[in-house]
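4 protein chains.
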Amino acid sequence: MTELRFVNNMTVELVRSMGDDKSIIQAAQVSVVGGNDGEGAKDPERFLSYLMRWRHGSPFESTAMTFRIQVPIAIAREWMRHRIGWSYNEVSGRYKVLEPVFYVPDHDRPLVNVGTSAKPELAAGDGTQEAVMLVNLNSTYGYAWSAYESMIHAGIANEVARFALPVGTMTEFYATCNARSLMAFLALRTSDAGMSHPQYEIEEAAHMLEKEFANLFPATYAAFVKHGRVAP
Amino acid sequence: MTELRFVNNMTVELVRSMGDDKSIIQAAQVSVVGGNDGEGAKDPERFLSYLMRWRHGSPFESTAMTFRIQVPIAIAREWMRHRIGWSYNEVSGRYKVLEPVFYVPDHDRPLVNVGTSAKPELAAGDGTQEAVMLVNLNSTYGYAWSAYESMIHAGIANEVARFALPVGTMTEFYATCNARSLMAFLALRTSDAGMSHPQYEIEEAAHMLEKEFANLFPATYAAFVKHGRVAP
Amino acid sequence: MTELRFVNNMTVELVRSMGDDKSIIQAAQVSVVGGNDGEGAKDPERFLSYLMRWRHGSPFESTAMTFRIQVPIAIAREWMRHRIGWSYNEVSGRYKVLEPVFYVPDHDRPLVNVGTSAKPELAAGDGTQEAVMLVNLNSTYGYAWSAYESMIHAGIANEVARFALPVGTMTEFYATCNARSLMAFLALRTSDAGMSHPQYEIEEAAHMLEKEFANLFPATYAAFVKHGRVAP
Amino acid sequence: MTELRFVNNMTVELVRSMGDDKSIIQAAQVSVVGGNDGEGAKDPERFLSYLMRWRHGSPFESTAMTFRIQVPIAIAREWMRHRIGWSYNEVSGRYKVLEPVFYVPDHDRPLVNVGTSAKPELAAGDGTQEAVMLVNLNSTYGYAWSAYESMIHAGIANEVARFALPVGTMTEFYATCNARSLMAFLALRTSDAGMSHPQYEIEEAAHMLEKEFANLFPATYAAFVKHGRVAP
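Protein chains in written order, with numbering that gives the first Met the number 0: chain A, 0 to 231; chain B, 0 to 231; chain C, 0 to 231; chain D, 0 to 231.
So that you can see chain A by itself, here it is in the shape it has in the complex (with noise of 0.2 Å):
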């Protein structure tokens, strides 16, 4: 039998990006000046922070970063509830027999609700919360791993054999989207400005999105943190 992997990390990878700080600029001066040069150059910080306060978000769609991702299915499922403005190709359970790599949360990770189920605010579980955790899940993700490789030895087509693995399954996709997209998925994925509950793992990985972010839009990510990390 094939061995498993379990892995408590997920990936997010930048490939490509277009655009920087100026580009946005440019775009955004086209309104006011016809595409020559105006006050935007001078003081970039001070424009773009203009630009996201009044929320003109049209020139951060004038950028593109490509990424690669590696994330648990359920939380791709949550990713790609997002339509504008992203992009995705992702690895297919009809077309290749997947892998044996699944999530298994770390320590670090709470486990339990103390908040309402609507609004779940999380809290560390004690030791035998963790330990029931990782039997279960990892016992679940060996037997379904047997089930699915006893099917597809049979001759069953992958797109049946799928049905047996769990969404804790580890996926992969590329995702291309816009500085604007981008923020508009910070906003909602990340609790940083006490809006949003998002869940653990996609709040992880929009932290590893903001960083790629940060380092390529300087100047546009501190206007966003300023602004109240609202998307334009």
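Keep in mind that the hints were calculated from the coordinates and are not lab data. Keep in mind it's a predicted model, so treat the numbers as computed, not measured. Please note that a few of the clues may not be correct.
[Said to hold, decoys possible] Quick list of in silico lysine to aspartate or glutamate cross-link-like pairs, EDC-like style, CA-CA up to 16 Å:
| hint | chain 1 | residue 1 | chain 2 | residue 2 |
| --- | --- | --- | --- | --- |
| 1 | A | K95 | B | E120 |
| 2 | B | K95 | A | E120 |
| 3 | B | K225 | B | E171 |
| 4 | D | K95 | C | E120 |
| 5 | C | K95 | D | E120 |
| 6 | D | K21 | D | E44 |
Given chain A's structure and the hints, the job is docking chains B, C and D onto it.
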């Protein structure tokens, strides 16, 4: 322990709709006659066929339909890749404890891929294959549900426990679309025109959608079929 | 020569709609109760306010409204910058000879910018300014229409002759949107929340849209106003 | 009085781009090989042709291009009807006083519609028609600009004065798209495949766009042409 339910059928139920063939004609005619009655009113079928033939797509967007849909998670994932002109609200595995309802293909479902991996073409399995599928899916669903329940009972949050649940678990969602985005779905998710090789289950659901669509917009539907089942 | 018509008002007419406050609640509740009646049914206003407050936007997309709109071309251009959740069908200056109907602001329309160029703030003009505007707009409309007609009469194609027509020419279009995309429009195209500085004409049209919206979805509308007129 | 400029050409200038044929292949291959190099790398042209042939559209979205575009307002209006995968920032007639640059078709531009109104088919005009067009467009532009300037000089706000300006006035905008949305534009805005009857000017601009696209993505472009110039 909770009793599991195994189902082999999906649900696509029309909740409400807006518009009919005439509304599409009315929207299209504003282009040529400025809102008054024109040619289209005299021969609706011919007019709609003309719009379809020459890919005048936007008038078909002046309509709306909301459906309540029950399919396995794996199929919901394919469905929600449709971003344009589709809105979704789905049962949340974070906000509630899910129901133990699982998808098991029935006897008619072809089990063996006799095509290539990139273009799957499914044929009937033999008795052994069907038995292998049944025993593996059913037992994995049972095992996973039991693990899920154990974690829930131990006080572990829904969002963590759900990692154990297979993508064959049934989910439920509301989907709102328009005649154009619905036709784009049919073009990709049915094999009737020989262009697509959709998974059996999503094609079955697509045919239920198609039936409702044909009822609501008979002349539009006839034009869609006549012109090769390509969305305008 | 054809007689010109000068108008100082716009039209926003509801053609048809789908859904009400309850449909939004129904779509939202599938997340937590799997399609059955739940909390929301007991206190609809509170539930909708909750959705709005915490930016749960997707349930508001399970609705639809179609409007017939008559505004000057310059305003139609601003309107059609709204891409997400909006569909359009407009009178075509290629397919038909346009009507000689032109927009002339009425006495109430503020004429002078006392703000900055980036954030226009308009105040009333004096009598001279109003006269200058009236004579210049009216005579240009007359001149342009006469040139347009001469070209049409000489057998020149509509699509060429129309280059002469001013952006003050009235146009007509059908627009289909949903409660969420309509609120996004109101957030940007009204100044009520102090965030936007829209052009007078589009704000006037937005207020007509708002009135229809408030009639169709009273509790949703109340929640929108209560939470700062920001689209969820 | 300011001197007017009459132009008979448009501008489509590539500002920056992301990705190439290989990026599209890379995104597509994640589906079948989980991110590693696969078949596609060996014969890129055949692989891209396969994607195009079977309408696997999403990999083409993992790219981006920003263009600076100068066209008459009437053509910008047609352009901005493309909502999906297109972002725009345009010169604002509210925030600035516009430039007196106007579009006048050159000698090659066909002037007479010999098709139907719904499917215009343009043929060359005679000398008289060309003269009628030139005198009427030029004089209307002059009249309208003079009215515009008078209003501006009288202190009337930009946003009011601009109602006088014809849709033949040149405008400028930045547009960001991806390979898929660009191909959808070419499919509708060129007549090469016999499916569309676009206006002469937007087809001219589309061909400039096409040239840049063919340079950046030669194998993708070849596949687009080979499979009937239909967007995947």
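We went through each hint and held it up to the structure:
no., hint, result
1, K95/A <-> E120/B, "14 Å, holds"
2, K95/B <-> E120/A, "14 Å, holds"
3, K225/B <-> E171/B, "33 Å, violated"
4, K95/D <-> E120/C, "14 Å, holds"
5, K95/C <-> E120/D, "14 Å, holds"
6, K21/D <-> E44/D, "10 Å, holds"
Taken one by one, the earlier hints fail for this structure only at number 3.
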